[in-house]
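2 protein chains.
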Amino acid sequence: MTDKQAAIIGGGVIGGGWAARFALNGWQVNLFDPDPEAERKIREVMQNARASLPLLADKSLPKEGRLVICTRLEEAVRDALWIQESIPEQLAIKQSAFADIQAACRPDAVLASSTSGFRPAQLRDGALRPDQIIVAHPYNPVYLLPAVELVGGTDNPAILTAEQILKDIGMKPVTLRQEIDAHVGDRLLEALWREALWLVKDDVATTAEIDEIISYSFGLRWAQMGLFETYRVAGGEAGMRHFMAQFGPALAWPWTRLMDVPELDEALIEKIARQSDAQSGHYSIRELEAIRDKNLVGFLKVLKDHKWGAGKVYSDWLKTAPLPEQTEKESWQPETPFVRHRTEVLPAWIDYNGHMTEFRYLQVMSDSADCLLSYLGLSAAYVGAGYSIYTVETHIRHLAEAKPGEYITVSTQILYADEKKIRLWHSLKTDAGIEVATGEQMWLHVDMKAGRAVAMRQPLRDRVLGLYEAHRGLGVPEGAGRHIGQKQAG
Amino acid sequence: MTDKQAAIIGGGVIGGGWAARFALNGWQVNLFDPDPEAERKIREVMQNARASLPLLADKSLPKEGRLVICTRLEEAVRDALWIQESIPEQLAIKQSAFADIQAACRPDAVLASSTSGFRPAQLRDGALRPDQIIVAHPYNPVYLLPAVELVGGTDNPAILTAEQILKDIGMKPVTLRQEIDAHVGDRLLEALWREALWLVKDDVATTAEIDEIISYSFGLRWAQMGLFETYRVAGGEAGMRHFMAQFGPALAWPWTRLMDVPELDEALIEKIARQSDAQSGHYSIRELEAIRDKNLVGFLKVLKDHKWGAGKVYSDWLKTAPLPEQTEKESWQPETPFVRHRTEVLPAWIDYNGHMTEFRYLQVMSDSADCLLSYLGLSAAYVGAGYSIYTVETHIRHLAEAKPGEYITVSTQILYADEKKIRLWHSLKTDAGIEVATGEQMWLHVDMKAGRAVAMRQPLRDRVLGLYEAHRGLGVPEGAGRHIGQKQAG
Numbered sequence: 042m043t044d045k046q047a048a049i050i051g052g053g054v055i056g057g058g059w060a061a062r063f064a065l066n067g068w069q070v071n072l073f074d075p076d077p078e079a080e081r082k083i084r085e086v087m088q089n090a091r092a093s094l095p096l097l098a099d100k101s102l103p104k105e106g107r108l109v110i111c112t113r114l115e116e117a118v119r120d121a122l123w124i125q126e127s128i129p130e131q132l133a134i135k136q137s138a139f140a141d142i143q144a145a146c147r148p149d150a151v152l153a154s155s156t157s158g159f160r161p162a163q164l165r166d167g168a169l170r171p172d173q174i175i176v177a178h179p180y181n182p183v184y185l186l187p188a189v190e191l192v193g194g195t196d197n198p199a200i201l202t203a204e205q206i207l208k209d210i211g212m213k214p215v216t217l218r219q220e221i222d223a224h225v226g227d228r229l230l231e232a233l234w235r236e237a238l239w240l241v242k243d244d245v246a247t248t249a250e251i252d253e254i255i256s257y258s259f260g261l262r263w264a265q266m267g268l269f270e271t272y273r274v275a276g277g278e279a280g281m282r283h284f285m286a287q288f289g290p291a292l293a294w295p296w297t298r299l300m301d302v303p304e305l306d307e308a309l310i311e312k313i314a315r316q317s318d319a320q321s322g323h324y325s326i327r328e329l330e331a332i333r334d335k336n337l338v339g340f341l342k343v344l345k346d347h348k349w350g351a352g353k354v355y356s357d358w359l360k361t362a363p364l365p366e367q368t369e370k371e372s373w374q375p376e377t378p379f380v381r382h383r384t385e386v387l388p389a390w391i392d393y394n395g396h397m398t399e400f401r402y403l404q405v406m407s408d409s410a411d412c413l414l415s416y417l418g419l420s421a422a423y424v425g426a427g428y429s430i431y432t433v434e435t436h437i438r439h440l441a442e443a444k445p446g447e448y449i450t451v452s453t454q455i456l457y458a459d460e461k462k463i464r465l466w467h468s469l470k471t472d473a474g475i476e477v478a479t480g481e482q483m484w485l486h487v488d489m490k491a492g493r494a495v496a497m498r499q500p501l502r503d504r505v506l507g508l509y510e511a512h513r514g515l516g517v518p519e520g521a522g523r524h525i526g527q528k529q530a531g
Numbered sequence: 042m043t044d045k046q047a048a049i050i051g052g053g054v055i056g057g058g059w060a061a062r063f064a065l066n067g068w069q070v071n072l073f074d075p076d077p078e079a080e081r082k083i084r085e086v087m088q089n090a091r092a093s094l095p096l097l098a099d100k101s102l103p104k105e106g107r108l109v110i111c112t113r114l115e116e117a118v119r120d121a122l123w124i125q126e127s128i129p130e131q132l133a134i135k136q137s138a139f140a141d142i143q144a145a146c147r148p149d150a151v152l153a154s155s156t157s158g159f160r161p162a163q164l165r166d167g168a169l170r171p172d173q174i175i176v177a178h179p180y181n182p183v184y185l186l187p188a189v190e191l192v193g194g195t196d197n198p199a200i201l202t203a204e205q206i207l208k209d210i211g212m213k214p215v216t217l218r219q220e221i222d223a224h225v226g227d228r229l230l231e232a233l234w235r236e237a238l239w240l241v242k243d244d245v246a247t248t249a250e251i252d253e254i255i256s257y258s259f260g261l262r263w264a265q266m267g268l269f270e271t272y273r274v275a276g277g278e279a280g281m282r283h284f285m286a287q288f289g290p291a292l293a294w295p296w297t298r299l300m301d302v303p304e305l306d307e308a309l310i311e312k313i314a315r316q317s318d319a320q321s322g323h324y325s326i327r328e329l330e331a332i333r334d335k336n337l338v339g340f341l342k343v344l345k346d347h348k349w350g351a352g353k354v355y356s357d358w359l360k361t362a363p364l365p366e367q368t369e370k371e372s373w374q375p376e377t378p379f380v381r382h383r384t385e386v387l388p389a390w391i392d393y394n395g396h397m398t399e400f401r402y403l404q405v406m407s408d409s410a411d412c413l414l415s416y417l418g419l420s421a422a423y424v425g426a427g428y429s430i431y432t433v434e435t436h437i438r439h440l441a442e443a444k445p446g447e448y449i450t451v452s453t454q455i456l457y458a459d460e461k462k463i464r465l466w467h468s469l470k471t472d473a474g475i476e477v478a479t480g481e482q483m484w485l486h487v488d489m490k491a492g493r494a495v496a497m498r499q500p501l502r503d504r505v506l507g508l509y510e511a512h513r514g515l516g517v518p519e520g521a522g523r524h525i526g527q528k529q530a531g
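Protein chains in written order, with our numbering: chain C, 42 to 531; chain E, 42 to 531.
Pulled out of the complex, with its shape left as it was, chain C reads as follows (with noise of 0.2 Å):
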């Protein structure tokens, strides 16, 4: 039994995409729907999220937890930290449930529920545990949109706990001040939504032309910042209070039809629905989504680089994200090579011969150094007093192929060192055991406000000395000290 289990109380997509999160941070799950078609469901949601989430990592994510098929509800509750519930919206259905989660499950679990419409005041209603009950409203993809919507107090320890938890996971949790009917997002998405259908029952737009202004101009926007911060863009120096003064006169005028409801009534179905098939027809929902789910991994990414909105929630998410459990660690002797570092080779690091692009074995070399240098005391405070170690030269050689999914251990000897120097020897190995690189490297220990070698402090000097010491009985391996295109010796 592990600590980490989440109960996913109604399957379908919402459902599965909380499955995938939680299972993908090394969650176990335990599913509890009654719809025969729930498992096979759930599994093609758990698909995609791992052929995109993963691609957003720079580093292997934990093992995936197990997904648990449970045909008692109270299995699936009783020792979940996490229990959502994803069931239809139907106030009384779910009122039924809580009822029956909470007597089955832990008083210190968080109790969230997806609903998009009702109030944690109504979900309370005649609990056990009314506090325990919150709401937790994602977005759908569940397994790559980080925001999370969380009503119901916003110093209540079930809130506190679930701030925590979602941000484990990599997710944005946005508490709100106040519990209002829909939360924040779908009002805003339904105001946007009336306003359309008006569009189209009075033929000023087609779907496809509406979907076309939308996602050719704030959409793109909205992607990076939201709507304030793209009017205060808009506004320019003068600033927010002066686009407010410009803006502010439309409110008065007639152009919407805001005041007004359309009625939906078949004529405006059988519309919708048609011209939404001429718009999209020729893919299929799967195409749709795999489309889909690659241009948001494709936008993450760029704001991952920039450190920017959504893409810092997965930077951060990264950083403290566990690692899978390592076992070489603790049997490590400094008279053998150091081995502290192994990754799987992830999709994103295959080029279009289908194998690991080449400056990714360079980035799993210097990830590997990192944690020698991490084990010989170059640690933060080292670095902020104005030393670092920094690579002069790297020699690799490429011997065979990594593929994606295999697993490469790093293998790293310290060939010479002197005060101010290092020259070390990686070696890349499969799980098989084949050596797919080898990598040579010179490193100088440097003043860095003075930009010039110097002697290394302690105890950064020491324990680089002695492993020297220590690895010399090693010998120097075939390869080593050699220059572009020089023949293989033997």
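Keep in mind the hints are simulated off the structure, nothing from the lab. Quick caveat: nothing in here was measured; it's all calculated off a predicted structure. Honestly, I wouldn't trust all of these hints.
Treat identical chains as interchangeable: a pair holds within one or across any two.
[Said to hold, decoys possible] Taking lysine-lysine and the DSSO-like style, the derived pairs with C-alpha atoms no more than 30 Å apart in a straight line are: (1) Lys45 <-> Lys342; (2) Lys490 <-> Lys360; (3) Lys342 <-> Lys444; (4) Lys312 <-> Lys461; (5) Lys242 <-> Lys45; (6) Lys444 <-> Lys461; (7) Lys360 <-> Lys104; (8) Lys444 <-> Lys360.
Place chain E on chain C using the hints.
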């Protein structure tokens, strides 16, 4: 005098964006704006455009058109094929400007207004040639976002001409079927804006929290699919009709505050301005613009790679964009090193020492190598036939540090080639001309199935050997052929 002349009446952010669009597509731009600050403002916007739009192009853009500052309206419009009005939103002022313009311009010119709110019928009232006047409503930043709403009759010749010209300058015209106040995009925006004002006024969430909810969820969705297509996917295999049936009832629920217009009084303006300062006040507007443009370029590149949505507008545009009279490409002589790849040092590439981390140097070299291979004829079809080029060895020397925000250009030279082997040299320099790194590589041409080196096929072979012949005259760079730790020459 060139045939392609655009007159920009009214500078500012929108006029400046139009000016940049036309100029970067090789059009002469005549600016008329009585504001003495207009030229400075427009040059600032053009500077932003030059730093972003060309990053989307795989080929050189046409030579930038001249910017001509006109002191008289007649001078600006006389020979223009496109006249864009972006003056303040006051109907009488606009009507008067159109009267002056029509007295001086060509009758076959497109006379377009950037108005957010007015209908063509209002703008045309009392005009000399009413049909010549249309609405072409763009989105800020105009030099990156492709959407333009065209209003003024679907079979009006001015609209048909406008559609063609907008496509030619990399934009996406969407012609509305009916004219209504505020067109389509601003109606949708206004609906959402009103609801957002209520949320702030009622203390449900702050401007920052609302922006997070938007940009970490449906903002990312709408950058690539619009409202209707997103809901179609959410509806699953059951389709749009099923989704509509589910969503329908919400229209009758008393969720949104849409039926009621919030009063934009001093207290609400002050509240929003204060929250916006807390949210974004630590960035200047210039900084926010730069962040926005980098993110937009990144998104558009992702979409272009997938030939999807707004990115498809750019891939189509690049296919048809007129070739520059004298491009860098065409002027490149094989007797000089190959220079095609220039990249920003991204924030995510920085290590704990504060400069670009080692493996990113190899990534930059590798990206230049991919440009070279593509130039030499290593196509997808070539690889598909089972042949490719593998790197077998790389030697990198780090000579100086590249810092975040700097740009690096790679210059690549063939040191040696025969029918199976290529040895090459990369030099990485900053815009200041500092060589930050060099790379020497050995490539082998392989039969991927057989897993061994074989002679290159045509046309790759002749092109490689031809470029090697051309590069022989360049000599061997200092640093080539060195092994790790070898003393510097001289």
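Results for each hint:
no., hint, in the structure
1, Lys45 <-> Lys342, "within (28 Å within a copy, 39 Å between copies)"
2, Lys490 <-> Lys360, "within (28 Å within a copy, 40 Å between copies)"
3, Lys342 <-> Lys444, "both (22 Å within a copy, 20 Å between copies)"
4, Lys312 <-> Lys461, "neither (70 Å within a copy, 58 Å between copies)"
5, Lys242 <-> Lys45, "neither (49 Å within a copy, 40 Å between copies)"
6, Lys444 <-> Lys461, "between (37 Å within a copy, 24 Å between copies)"
7, Lys360 <-> Lys104, "within (17 Å within a copy, 45 Å between copies)"
8, Lys444 <-> Lys360, "both (25 Å within a copy, 22 Å between copies)"
When held up to the earlier numbered hints, the structure conflicts with 4 and 5 and fits the remainder.
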